[in-house]
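As you go down the protein sequences, you meet chains L and V in turn.
Its first residue numbered 80, the first sequence is counted upward by one per residue in my numbering.
Its first residue numbered 3, the second sequence is counted upward by one per residue in my numbering.
Just so you know, these hints were derived from the structure itself, not from any lab.
Since we're looking at a predicted model, the values are computed, not measured.
There could be a bad hint or two in this list.
[Unchecked claim] Taking CB as the label site, the calculated pair distances span:
{"hint": "1", "chain 1": "V", "residue 1": "LEU37", "chain 2": "L", "residue 2": "SER469", "range": "21 to 29 Å"}
{"hint": "2", "chain 1": "V", "residue 1": "LEU37", "chain 2": "L", "residue 2": "ARG454", "range": "26 to 34 Å"}
{"hint": "3", "chain 1": "L", "residue 1": "HIS474", "chain 2": "V", "residue 2": "ASP39", "range": "50 to 58 Å"}
[Stated by the list, open to error] A few chain V residues facing chain L, derived, Cβ under 7 Å:
{"hint": "4", "residue": "VAL38"}
{"hint": "5", "residue": "LEU48"}
{"hint": "6", "residue": "LEU50"}
{"hint": "7", "residue": "MET51"}
The beta carbon of each residue, even a glycine, is placed where N, CA and C say it ideally should be.
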Amino acid sequence: VIIDAETVEPSHFDGRRFDVCVVGTGPAGLSLALSLAERGHDVALMEGGGLDISYESEELYEGDIVGADYWPLTACRKRFLGGSSNCWSGVCRALDAHDFEPKPHHALSGWPIGKADLDPYAAATQAFLEVSPEKPPTRSLFGADRGAFHLIDFRHSYGRVLAPRFVDTLRRSPRVSLYYHANLVDLELDDACRQVRRAVFRRFEQPAPFSVQARHYALCLGGLENPRLLLNADRQMAGGIGNTQGLVGRFFNEHPHQRVGEILLAEPMRNREVYAPTPTFMAEQSILNFGLILLPDVRQLALPNELARSVACRADFARRLAERLAGHRVVCNEGGLEALAAQWREPSRMLTAKLDIAAEQALNPESRVGLTADRDRFGLRRLALDWRFSELDWHTVRTAVMTFGRQLAAHDAGRLKVADWLLDGRTTFPGPDEARVGGPHHMCTTRMSDSPRTGVVDRDCRVHGMANLYLGGSSVFATGGHANPTFTIVQLALRLADHLATA
Amino acid sequence: MQSRRRFLGHLRTALGIALIAVGGRPAAATDDIVLVDGWILRRSDLDLMR
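Chain V with its partners taken away, still in its complex shape (with noise of 0.2 Å):
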C-alpha cells in the first residue's frame, strides 16, 4: 500500500514537472498580478481573502 502511494507520488511529481516543462500551467497576463499585504498575488486569489 505504502510503496504504491509513494509510486502515485512520483508519478504525480513527474507528471507535474512535465506539465512544467512544456508549459502547461497558464501564465498570466502581468496586469493579474496584484500586491497586497505583502503578498504578490493573482487577482483571483482576492476571492480567498474574503
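Chain L extracted, bound-state conformation (with noise of 0.2 Å):
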C-alpha cells in the first residue's frame, strides 16, 4: 500500500511493529524492500519526500561544500521516491574481483567480502534494474596485446527511473507499506545503546512527529545522507550512532570524472570504448583503478577545430599526423565546402576522441562529511562536503594517462594529445566549471569492515555495536573501485535482504 504520511494520525502505527523498516526508496531501500516483501516480511518502507520532485523536499539537501570544487549538493541526487534513480544515467557494471583486494600501497583497503558474495545477486539485479545482458567487448585498440590495459563492457538499465516501474506492485503489496512525507529525523535507543527502539519522522505539513517499530531498521539514505543522519543522532551516543571510533563520514570517495586528453586515431570508431588497467599493471606500478573512456567526436567531419587550434603554432601537425595514422587524406572542420564534401563521402569515419577518466580514489580518513551549525527544517544539521584527494589519486590518474598515450603510440593505434592540465604542475583537478566532476557517486562514508577500527559496518551491513540497525547503499562500500556503483548497490541490498529474512 501506499500511504501519505501527511494524513496519518499518529496512533497509526500504535501497536504495530513491522519486521523490516527501510528508510529511502532509492535502488537500494527499493530493491531491499520488495525482496523481502517476496520472503512474506512486513516493511515500512519509508520515504522523506513525495511521489514527485517538490522544493521543500530537495531543499533538505541543501549544504556546505568546505573541500574541493563539487557540484551544488541539491543537484546530485534526488529526494523523492525512487531517489536518485531519478537522476540515474542508467550505466552500470559489477565490481572486479580484484577490487574487493587489499593492496599493498593502498592503506586499508580490501573488503571483507569478495567478489563471490556478490554474484549469486547478479541475475537478481539484472532483473530488477532491467539491465542489458553481458556482452564482452570484441574488439580493442591494441589487439590481443593488450599490453596493460583490456576493453571493459558496461551495461545499461532500460528502467534506470526506478519509480513508475514499481508503483503499482507497492500498490498492490500486503507486505510493504510505503509511506511518503515521512522524514527520518532520529532513531531512538535502548538504555544500553545497543538497539534501536523507533525511528522517529517528521512531515512538511503536520508538526505532530510520529514513530515507527520495527524488528530491523536499514537507512538507505544514500552515500551522504547516511552518515548525515548518524552523526546527528547523538542525543544519547556523544558523536552520533556508530561513530564510537570517529569513522562516520570518512573516506569520502568519488570517482573523480576528467577529461585527459584528445586521441587522433588510426581505425574509425563507432561507439564509446573504455580501458581499464589489467591487476599485474595495478600492482607493479602501485596504482588504483580506473576507466579510461574513449568518446567519437560524434560531430567531427575530420578533425575537430580546437584540436587544430591546440597546436596553433604548427596548425598542421595534427592534419598531417592523422593522414600518417590513417593513411589517406583528412581535412579540418574549418575547410568549408571541403569538409561538407569529407562528411558526405565519409560520414561515418571517426577519427577522433575525447579521451576522460573516471577514476578510483584512494581511501583517505580527511575526505569526508561531516555537520554544519546551520540546521534544517527539521532540526537537523546540514552536510559539510570536504572532499579531498591524495598523491596516489594524482599517481593514478597521470600514469593512466601517460602510459594509454604510449602504448597507443607504440601500437600505431593512434596519438594522444595530453590535456593541459594535467602537464601544468597543478595540484587539484580541475573544478565543475571546466569539466565533469565526478560520478557523482558518494561512497565510502560508512565503510565495510570486520573491525569497527577501520569501518562503520561489519560484513553483514550492520553498523557495529548495534544489534538490529543496518545500512544500504554505496556509503557501505569498503571501496571506490572505478565502476558506477548502483549494480553493486542492488546485489548488496539484496545480499541483505537475504540477511535480514533469516537474521
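With the hints in hand, could you dock these two chains into one complex?
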C-alpha cells in the first residue's frame, strides 16, 4: 500500500511492529523492501519526499562544500520516490574481483567479502534494474597484445527510473507499506544504546512527529545522508550512532571524472570504448583502478577545430599526423565546403575521440562528510562535504594517461594530446566549471570492515555495536573501485535482504 | 556505386581490425616514444613538425 504520511494520525502506528523499517526508496531501499516482502516479511518503507519532485524536499539536501569544488549538493541527488535513480544515467557494471582484494600500496583497502559473495545476486540485480545482458567486447585498439589495458563492457539499464515501474507493485503489495512525506529525524535507542527502539519521523505539514517500530532498521539514504543522519543522532550517543571510533562520514570517495586528452585514431571508432588497467599493471605501478573512456567525436567531419587550434603554432601538424595514421587525406572542420564534402563522402568515419577518465580514489580519512552549525527545517544539522584528493589519486591518473598515450603510439593505434591541466603542474583537478567532476557517486562514508576500528558496518552491513541497525547503499563500500556503483548497490541490498530474512 | 564504396569501406575496416588482431601493426620501442607540446608521439612523427 502507498500512504501519504501527512494524512495519518500518530496513533496509526500504535501497537504495530514491522519486521523491517527501510528508510529511503532509491535503488538500495526499494530492492531491499521488495525482496523482503516477497519472502513474506512486513516492511515499512519510508520516503522523505513525495511521489514527485518538490522544492520543500530537495531543499533539505542543501549543504556546504568545504573541500574540493563540487556540484551543489541539491544537484547531484534526488529526494523523492525512487531517490537518485531519478537522475541516474543507467550505466552500470559490477565490481571486478580484484576490487575486493587488499592492495599493499593502498592503506585500509580490501573488503571483508569478495566478488563471489555478490555474484549470486547478479541475475536478480539485472532483472531488478532491467540491465542489458553482458556483452564481452570483441575489438580492442591494441589487439591481442593488450599490454597494460583491457577493454571492458559497461551495461545499461532500460528501466533506470525505478519508481514508475514499481508503483503498482507497491500499491498492491500486502507486505510493503510505503509512507511518503516521512522524514527520518532520529533513532531512539534502548538504555544500553545497543538497539534501535523506534525511528522518529517528521512531516512537512503536520507538526506532530510519529514513530515506527520494527525488529530491524535499514537506512538506505545514500552516501551523504546515511552519515549525516548517524552524526545527527547524537542525543544518546556522543558523536552520533556508530561513531565511537569517529569514522562515520570519513573516507568519502568519488570517481573523479575528467577530460584528460584528445586522440587521433588510426582506425574509425563508432561507439565509446572503455579501457581499464590489468591487475598486473596496477600492482607494478602501485596505482588504483580506473576506466579510460574513449568518446568518438560525433560531430567530427575529419579533425575538430579545437584540436587543430591547440597546435596553432604548427596548425598543420595535427592534420598531417592524422593523415599518416589514417593513410588517407584528412580535412579540418574549418574547411567549409571541402569539409562538408568529406562528411558526405565518409559520414561514419570517426578518427578522433575525446579521452575521459573515471578513477578510483584512495581511502583518505580527511576526505569526509561532516555537519555544519546550520539546521534544516526539522532541526538536523546540514551537510558539509570536504572532498579531498591524495597523492595516490594523482599518481593513478597521471600514470593511466601517460601509459595509455605511450601504448597508443607504440601500437600505432593513435596519438594522444594530453590535456593541458595534467601537464601544468597543478595539484587539484579542474573544477565543475571546467569539466565533469565526479559520478556523482558518493561512497565509503560508512565503509564495511570486520573491525570497528576501520569501518562503520560489518560484512552483513550491520552497524558495529548495534544489534538491529543496518545500512544500505554505496556508503558501505569498503573501497570505490572505478565502476558506476548502482549494480553493486543492488547486489548488496539483495544480500542484506537474505541476511535479514533469516536474522 | 555507393554500395560498392560501402562494401570496400567495410572490407577495409575488417582488414584493419584483422591486422590489429594478429598484431600486424609494428610496435615501437619505448625509447621511440616522446612527449612534445603535450602530444605523445613516435619519434618518427617529429618530421611532421618541420
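Each hint, compared with the structure:
1. A hinted range of 21 to 29 Å for the beta carbons of V:LEU37 and L:SER469 is consistent with their spacing of about 25 Å.
2. Taking the beta carbon of each, V:LEU37 and L:ARG454 are about 52 Å apart, not inside 26 to 34 Å as hinted.
3. Distance hint check for L:HIS474 and V:ASP39: the Cβ-Cβ separation is about 24 Å, which falls outside the suggested range of 50 to 58 Å.
4. Interface restraint check for V:VAL38: the shortest CB-CB distance to chain L comes to about 10 Å, outside 7 Å, so the restraint is violated.
5. Hint status for V:LEU48: violated, given a least beta-carbon distance of 10 Å to chain L, over 7 Å.
6. Restraint check, V:LEU50 versus chain L: the minimum CB separation of about 5 Å is within 7 Å; hint holds.
7. Given hint, V:MET51 at the interface with chain L, holds; its Cβ is 5 Å from that chain's nearest Cβ, closer than 7 Å.
Consistency note: the structure conflicts with the earlier hints numbered 2, 3, 4 and 5.
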